[in-house]
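K.L.:
Since chain X is already given, all that's left is putting chain F on it; use the hints.
So the protein lines, in turn, are chains X and F.
Taken in order, the first sequence gives residues 1 to 103; the numbers are from the working numbering.
Taken in order, the second sequence gives residues 1 to 232; the numbers are from the working numbering.
These are calculated hints, taken from the structure and not from any lab test.
The beta-carbon is built from N, C-alpha and C at its ideal position, and this holds for glycine as well.
Check before you lean on any hint, since a few could be wrong.
Unchecked claim - Covered stretches of chain X (chain F as the covering partner; in silico rule of three or more C-beta atoms under 8 Å from a C-beta of chain F):
(1) 9 to 22
(2) 35 to 43
(3) 52 to 59
(4) 63 to 77
(5) 84 to 91
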Amino acid sequence: MTATIWWTIAGCTVVTAIIKGIGPVALGGREIPPRFSGVIAFMAPALLAALVVTNTFALGDHWTVGAHTVGVAVGGLILVRRGPLVLAVAAAVAVTALLRAVT
Amino acid sequence: MSTPPSDDAEDRATSLRAGFRAGVPYAAVGFVLSMSFGIIARDTGFTAVAAIVMSAVIFAGSAQFAAVGILASGGTAGAAVAAAALMNSRFLPMGIAIGPSLPGRAPLRAVQGQAVVDASWAMSNRGDGTFDRWFLFGSTAPQYVTWISGTTFGALGGDLLGDTSRLGLDAIYPTFFLALLISEVKDRTTFVIAAAGGLVALGLVPVTPAGVPVLAASLVALWGLRRERRAR
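Looking at chain X on its own, in the form it has when it is part of the complex (with noise of 0.2 Å):
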């Protein structure tokens, strides 16, 4: 186990230090298009919607909905309302376990 738990960090080192490193250096350093500006001023909404969705409705390979969920929309109606990150996040892990406790 400890030669495997070695060899998984060196592997995720290399492949994550490779995976941030080839996108600045994709386009060769040229200014990017002025049409493309928009698809890259739209990644981020696409790609945070999507984290958002898959880390409260799945896991691994089907849907799921739990205690958890109910804790993100709790934490989630603090963010609309302008409240603060930690606040935010320690209601969703609170309502989340509380939840977990009584059920």
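P.N.:
Leaving out everything else, chain F in the frame of chain X:
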């Protein structure tokens, strides 16, 4: 290539400081996330040192959780690395987007690209297709510090917390991403893009390995091409 006009020493310091301040709340949440990573890694058979080293050299939460999850379920190192690579594949489009905002030769840009993490990337985005790299560095710095200190805390003191699966720590990640998403949704169009990205990802969950749904969602951003053409 041209250096952006606003890159003199004073503006750099201002951007660094602004980035640092913006990064602190995400760093605080990152502490709790990496603490839970430290606990899970120890449960999987990692030594405390291995868990801390992994956070220090990889510094990518979802990839670390994915890799450890694979090992915990009896998977091989190769499978764990592949899962981590898929989770990190979103840094490919992010890196392409930020590339033109990073000066210097290719190796230097590749090194600067290592500072890209989700929160810093999203917040340093000026919204016009360019990024403030000093803001990026400033906001990544506190997140890196708490990522390692949180892992250390979890790996060494996790036993004090008892059964963490009932604590609700799995609600942290989506809330973290939701905060970033809310600040990106500025109008009707970005809302539609976000909804489409979310639906694409959700639709792919049952049919592709974890990580692919998020990568595929970035393709929704190609809608930006069409709008630009129409505006001209």
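K.L.:
Confirm or reject each hint.
P.N.:
Consistency of the hints with the structure:
With a cut-off of 8 Å between beta carbons, the segment 9 to 22 of chain X has 11 residues touching chain F; three or more are needed, and the interface restraint holds. With a cut-off of 8 Å between beta carbons, the segment 35 to 43 of chain X has 9 residues touching chain F; three or more are needed, and the interface restraint holds. Counting residues of the segment 52 to 59 of chain X whose CB lies closer than 8 Å to any CB of chain F gives 7, so the stated coverage by that chain holds, three being the minimum. Against chain F, the segment 63 to 77 of chain X contributes 7 residues with a C-beta closer than 8 Å to a partner C-beta. That satisfies the three-residue criterion, and the hint holds.
Counting residues of the segment 84 to 91 of chain X whose CB lies closer than 8 Å to any CB of chain F gives 5, so the stated coverage by that chain holds, three being the minimum.
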